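Make the full structure from the sequences, and use the hints.
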Amino acid sequence: MVNQQTTSSQFPANLPVFKGENYDRWCAQMKVILRFQDCLEIVTDGVGVLAEDADEEARTLHKEIKRRDAKSLFIIHQCVDPNVFEKIIEEETSKGAWDKLKDFYGGDEKLK
Numbered sequence: 001m002v003n004q005q006t007t008s009s010q011f012p013a014n015l016p017v018f019k020g021e022n023y024d025r026w027c028a029q030m031k032v033i034l035r036f037q038d039c040l041e042i043v044t045d046g047v048g049v050l051a052e053d054a055d056e057e058a059r060t061l062h063k064e065i066k067r068r069d070a071k072s073l074f075i076i077h078q079c080v081d082p083n084v085f086e087k088i089i090e091e092e093t094s095k096g097a098w099d100k101l102k103d104f105y106g107g108d109e110k111l112k
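Here full-length UniProt numbering is used: the first residue of the sequence shown is 1, the next is one more, and so on.
It should be emphasised that the hints constitute simulated quantities derived from the structure, not laboratory data. Fair warning: this is a prediction, and the values are worked out from it, not measured in the lab. One thing to keep in mind: the hints can contain errors.
[As the list claims (entries may be wrong)] Straight-line C-alpha distance at most 35 Å; calculated DSBU-like pairs for lysine-lysine:
hint, residue 1, residue 2
1, K63, K19
2, K100, K31
3, K100, K63
4, K102, K66
5, K66, K19
Given below as structure tokens:
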């Protein structure tokens, strides 16, 4: 469980680490963390494709969205143990990693 300690950047000091069990609980905790970091929408919706004829404003926005995606992927990587990490190691986007974890572990509670 995430405690209330934070670093100077207001990032929780103790992140929940998913070890392959209690996916629903971990997922709920992660959604709060990702929402707090303004990243949940990126994780659930992904990063759209930038049009070739995009103007400078669209390019700047797309760059910011890609930065938030990298931040989201970093957070997910920090919140899984090494065995779980092996399942998402090749994912290059936070949505890809998130969806793979959901596909693999999402039915966990229903099986018990």
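Hint-by-hint comparison with the structure:
1. Of the supplied pair hints, the one linking K63 and K19 holds, its CA atoms being roughly 32 Å apart against a limit of 35 Å.
2. A C-alpha spacing of about 16 Å is found between K100 and K31, which places the hinted pair at or below 35 Å, so the restraint holds.
3. A threshold of 35 Å between alpha carbons decides the hint, and for K100 with K63 the separation of about 24 Å falls inside it, so the pair holds.
4. For a cut-off of 35 Å, the pair hint linking K102 to K66 stands: about 22 Å separates their Cα positions.
5. A hinted pair counts as satisfied when its Cα atoms are at most 35 Å apart, and K66 with K19 qualifies at roughly 27 Å.
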